[in-house]
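**Q** Protein sequence lines, in the order shown, are assigned to chains Y and X.
When the letters of the first sequence are read in order and numbered with UniProt numbering, they come out as residues 1 to 652.
When the letters of the second sequence are read in order and numbered with UniProt numbering, they come out as residues 1 to 652.
Careful, some of the hints might be misleading.
Which copy is meant is left open, because identical chains are indistinguishable; a pair holds if it fits in one copy or across any two.
To be verified - Each computed DMTMM-like pair below joins lysine to aspartate or glutamate, with the alpha-carbon atoms no more than 20 Å apart: (1) Lys599 to Asp438; (2) Lys322 to Glu274; (3) Lys169 to Asp130; (4) Lys545 to Glu196; (5) Lys498 to Glu319; (6) Lys648 to Glu54; (7) Lys102 to Asp134; (8) Lys424 to Glu360; (9) Lys648 to Glu73; (10) Lys323 to Glu274; (11) Lys228 to Glu274; (12) Lys392 to Glu315; (13) Lys648 to Glu55; (14) Lys102 to Glu319; (15) Lys648 to Glu52; (16) Lys424 to Glu358; (17) Lys418 to Asp481; (18) Lys545 to Glu555; (19) Lys479 to Glu263; (20) Lys479 to Glu67; (21) Lys648 to Glu67.
In short, the hints are calculated from the structure, not lab data.
Being a predicted model, the structure only gives us computed values, none of them experimental.
Protein chains: 2
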Amino acid sequence: MIRVYPLRKDYTDDQITAFPLQVVGHNAGEVFCIKPVTDSTRWERKQLYDHELEEIHPWYYRNWLVEDQILVEYAPGKKCGMYRFTYPAHAVHRILLSPVDKWVLNGNGEISGSSLYHGDTKVYLYGQFDSPYDGALTFKDGVVALKYAISYISVAAAKVSFEQELAGKGFAEIEETARAAWHRIMNQISVEGGTEAQRRAFFTALYRCHERMVNISEEGAYYSGFDKQVHADVRPFYVDDAAWDTYQAMHPLRMILHPHQEEDMLASYVRMYEQSGWMPQFPRLFGDHACMNGFHSTIIFLDAYRKGLHIADVEKAYEGMKKNALQATMLPWRNGRLTWLDEFYNHNGYYPALRPGEKEIIPEVDTFEKRQAVAVTLGHSYDDWALGKLAKELGHDSDALLFEKRARAYMNLWNAEKEFFMPKDEQHHWIDIDPGWDGGPGGRDYYDENNGWTYQWQVAFDIPGLIQLFGGRERFERKLDTLFHAELGRQRYQFWAKFPDATGLMGQFSMGNEPGFHIPYLYNYVGKGWKTQRMIRSLLDIWFKDNQFGIPGDEDGGGMSAFVVFSSIGFYPVTAGEPVYTIGSPVFSKVVVHLENGKDFTMVAHNCSAVNKYVQGVKMNGKERKDLFFTHEELVNGGTLELEMGDKPSHL
Amino acid sequence: MIRVYPLRKDYTDDQITAFPLQVVGHNAGEVFCIKPVTDSTRWERKQLYDHELEEIHPWYYRNWLVEDQILVEYAPGKKCGMYRFTYPAHAVHRILLSPVDKWVLNGNGEISGSSLYHGDTKVYLYGQFDSPYDGALTFKDGVVALKYAISYISVAAAKVSFEQELAGKGFAEIEETARAAWHRIMNQISVEGGTEAQRRAFFTALYRCHERMVNISEEGAYYSGFDKQVHADVRPFYVDDAAWDTYQAMHPLRMILHPHQEEDMLASYVRMYEQSGWMPQFPRLFGDHACMNGFHSTIIFLDAYRKGLHIADVEKAYEGMKKNALQATMLPWRNGRLTWLDEFYNHNGYYPALRPGEKEIIPEVDTFEKRQAVAVTLGHSYDDWALGKLAKELGHDSDALLFEKRARAYMNLWNAEKEFFMPKDEQHHWIDIDPGWDGGPGGRDYYDENNGWTYQWQVAFDIPGLIQLFGGRERFERKLDTLFHAELGRQRYQFWAKFPDATGLMGQFSMGNEPGFHIPYLYNYVGKGWKTQRMIRSLLDIWFKDNQFGIPGDEDGGGMSAFVVFSSIGFYPVTAGEPVYTIGSPVFSKVVVHLENGKDFTMVAHNCSAVNKYVQGVKMNGKERKDLFFTHEELVNGGTLELEMGDKPSHL
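With the hints as extra help, turn the sequences into a complete structure.
**A** What follows is the structure in structure tokens.
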């Protein structure tokens with residue numbers, strides 16, 4: 001069965017393409033389905049349970065339909081793909097088309113169709129079968145090939161892509177083009193050492209980091225869901241990002257590997273702002289999807305700016321983000337103008353919360369997503385910090401002062417007695433909750449998806465300030481220790497019934513959701529790097545294996561895989577927005593990253609092994625250093641980071 | 001930190017022993033704790049979070065306490081063990097004892113103690129340190145060793161074990177004795193082929209299959225929790241079984257590998273009956289723990305009888321089981337006399353259920369475990385079937401007729417319209433529930449731990465009868481297909497909040513709980529062996545890896561690991577109580593099982609590989625056969641089973 005998704009990428013140039021049937025299927029958003037069968041079964045009756053995935057690569061896929069004995073092969077192009085079905089000789093060779101889409105078949109093998117995605121976005125398909133068939137789509141030949149391309153503009157535009165990418169090409173040629181493209185990408189990082197399993201897990205993660213954003217430009221034009229228009233533009237237009245998920249590690253990784261592509265993505269953000277009047281939170285094919293809380297494009301733009309990327313119209317970007325910060329509601333999963341809650345925030349520096357059981361009276365609040373009062377305050381503190389820093393970089397000094405002040409909002413919700421960020425009501429009184437349990441599904445009255453144990457650490461932009469709140473380095477360290485060992489206080493299934501996103505648990509720490517990623521690196525900020533080193537190795541070993549368990553939570557557009565790529569190489573960008581990395585414990589003994597500027601960044605870990613996971617010494621470009629930090633500049637200048645590894649903790 | 005458990009086994013002769021600190025700890029029932037430390041921290045303040053398990057075998061274990069830099073080593077004996085702590089040279093060398101137990105220390109290095117387990121069972125310890133210490137248990141030497149033994153009779157009895165097993169022996173000698181004992185056990189099965197990971201998973205499972213039952217005899221005497229007396233007896237007395245979990249695969253596996261040990265275990269069951277007046281359900285150290293439903297010793301005894309084991313006093317066993325069947329309540333998690341519900345069952349052939357929301361009026365019903373009305377009916381149908389067959393074997397013909405009739409009770413709850421076993425009320429009316437969801441936590445109003453999708457198949461003793469209920473082989477097969485692909489109808493976390501035991505999900509099939517084990521083999525009974533073969537390979541591959549994810553649900557005393565051992569070798573005892581095995585798909589190309597009778601059973605799978613998982617042909621002792629079944633007699637006579645494997649399904 002072919003499932004054509006509107007935005008599933010399997011090609012390196014970040015072009016849209018179809019993606020074939022998956023073992024672990026998610027079928028949200030599939031728009032076209034095509035099934036090869038050996039009988040005349042009607043669509044609804046044919047359940048293809050009996051398939052076996054025989055081989056899968058980003059550039060080639062082979063599936064065996066056991067009961068029908070049909071071999072299905074696939075090779076992707078940029079905006080297109082080719083299927084090949086090999087039927088058993090003495091069977092009916094038939095294709096079923098999903099009944100819900102508009103298909104047009106003519107006698108000469110051409111097939112076209114259109115389908116509606118998300119209720120508002122048209123997806124078009126143009127394709128050709130390579131062999132004759134009758135009116136019931138029954139074929140004479142035992143091998144049937146289908147080439148097709150998709151478009152968001154028209155069938156004619158799909159046909160243009162078809163002509164450019166597929167016409168006159170055979171399966172092997174299309175596969176080889178895709179293979180070569182992926183090999184270029186995968187060869188950008190070379191590794192030595194580690195186990196085969198670690199290398200597999202690493203390159204699988206690296207592959208996943210190329211899933212989004214997706215370039216939807218088609219030959220000098222693109223359809224934008226942000227104003228529902230087709231635009232002529234030679235610069236690639238990228239959609240499908242999840243800023244809350246990707247600002248921490250995915251965008252920073254791309255700023256290293258593909259800075260020019262990142263620049264195109266940021267330019268897309270600016271165009272989306274121009275087209276819709278708002279800087280998007282989660283730009284999708286159909287427009288902005290106001291997911292989660294905060295709007296962390298602020299952090300991504302600051303990060304890119306400080307890392308020396310060229311942002312096409314940075315003032316326009318700043319204008320859009322400032323408008324978001326001051327004129328848009330902070331309510332989770334909501335776009336739109338300020339509400340009473342936002343006015344309250346602007347005056348008081350925190351989002352006010354309801355007491356347990358108290359009825360919501362603000363009509364704009366999403367009935368499921370709730371106020372997320374603590375999470376909103378922490379998230380927008382980070383946004384305001386980033387805006388303040390960017391304002392300063394751009395010379396908007398009074399803005400800088402305003403946002404610097406706003407960035408300290410997080411302190412208003414620190415409850416020193418509880419040692420948690422806790423909610424307050426409108427009268428500035430603490431609301432006495434159990435931060436590990438209260439707040440309804442996902443703790444959303446106060447936190448979001450994770451509980452207060454995770455939100456305790458959401459001040460990545462001001463770690464010294466956070467350490468101070470905890471009362472010093474030792475208490476900060478103890479609290480980190482406690483986090484990784486704390487009891488849930490109930491059965492795990494009871495906990496997950498309320499916090500289903502808090503997967504990959506170690507104590508109260510969740511490896512399976514983005515707000516946790518930077519936490520294991522925080523030991524580095526209190527002189528206990530060995531605890532970071534041990535924890536990172538342990539987390540990679542437990543949660544990111546090369547097997548069917550895959551990853552411990554939502555991939556979320558590369559967010560989680562970027563954690564794996566960074567951590568396996570041996571460092572991590574704890575504070576997105578600061579051009580600084582902190583060192584963990586690499587699983588490889590040598591890693592070379594070939595940069596777009598022609599230079600190589602090299603990481604060498606002498607004596608690195610499963611046992612030798614503790615950093616004994618650090619050199620950058622041959623010079624010893626006494627801490628576990630280095631800069632983006634050192635990296636992109638082709639620096640060489642040397643680590644001496646050993647089996648006992650050192651005091652670095 | 002040493003934790004001494006009352007019944008944790010790490011030695012082959014099924015003797016009790018202490019077990020050291022585990023990575024994945026369960027500390028229920030620990031009775032003594034001892035911690036090596038390098039400072040004067042009080043017990044409560046010292047949390048040993050920072051340990052790293054460096055090496056673990058059944059016979060040796062090494063743990064590194066990172067912060068204290070103490071090396072902890074351990075080697076087990078039968079009822080004893082030896083610890084060795086290596087402290088850093090210039091640190092305090094100190095031992096902390098758990099404050100809750102009664103410790104006696106004298107000046108010459110001896111240590112003894114006693115502790116209460118389960119509120120009613122005394123556990124005694126006797127040990128010796130090998131080096132001098134002061135009153136605060138601070139040692140001069142940098143290496144401190146502790147040898148100790150435990151007993152359920154007295155400190156003096158523990159000292160006898162100590163003298164016999166430990167006195168005069170060094171660490172290496174104790175370790176070597178344990179190693180040799182485990183190697184004897186592990187070498188009982190030799191395998192060729194498969195991957196290293198499959199061999200690791202297999203031998204880990206085989207190890208786990210030796211966890212229980214546990215021989216608690218001490219030099220010609222044992223303490224019995226069934227009458228709270230010490231008995232003189234030279235025959236080993238075994239406790240700690242979970243019949244609901246182990247009758248399917250664990251006892252059958254032991255009947256192949258260790259039939260004499262199994263005979264001792266069954267003799268222990270008979271003694272428990274004599275001592276307590278009831279045949280136990282889950283015999284534990286402290287007496288019977290009436291867990292789950294049914295009392296499947298019936299099935300185990302029948303199975304052993306038919307497989308030619310010598311049951312010491314089979315008439316006495318039968319007497320006890322008949323008494324259980326006719327005079328004991330069937331209520332889950334309850335011992336005791338008949339209730340009104342049991343009388344109802346005896347007259348009407350099913351356990352009556354309450355309608356959703358209906359209030360319980362029978363006082364004996366456990367408020368959490370509920371009636372489990374469908375599960376009870378299915379479980380006792382199996383018990384009655386086994387008792388009927390055993391009665392026949394023993395010549396109790398009128399009993400045989402009675403129990404054969406009772407064994408058909410399951411048919412009373414088959415709802416042909418729904419194709420599920422469904423509950424009925426007292427008036428013989430169906431209760432219209434969603435069998436996949438209703439019944440409260442674990443579906444316990446009607447089912448138990450799993451939902452109706454699993455209980456649909458709980459007629460392993462009459463598969464032809466079950467096929468008939470489904471309306472024939474094709475519908476039976478389709479329903480199996482559906483089971484493995486059916487939607488949960490809700491988010492997984494919502495499902496697990498109600499059915500936390502239904503882990504290892506594939507569709508509505510649960511690999512993580514005992515009632516599921518035989519289900520993938522049922523395709524063999526409708527001529528679709530290839531679907532069994534594919535499913536078994538897939539289940540082993542997904543759920544039983546050689547990594548930290550371990551097993552997908554409760555181990556339950558070897559129940560789950562026995563499934564892995566059987567399935568990896570290539571066959572399974574679908575109907576415990578019938579001396580017959582059905583063939584799946586071995587992961588190994590050759591397996592030899594060395595039997596106690598001196599013969600070898602050999603399984604050869606020609607061309608077996610990850611791809612060649614389908615059985616193309618079967619030979620037993622060189623003779624071709626046309627089905628996928630063979631007998632226990634063929635196995636214990638040293639038969640050779642030859643399978644021809646291929647990559648395409650055959651019609652065997």
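**Q** Which numbered hints are broken by the structure, listed smallest first?
**A** 1, 5, 14, 19
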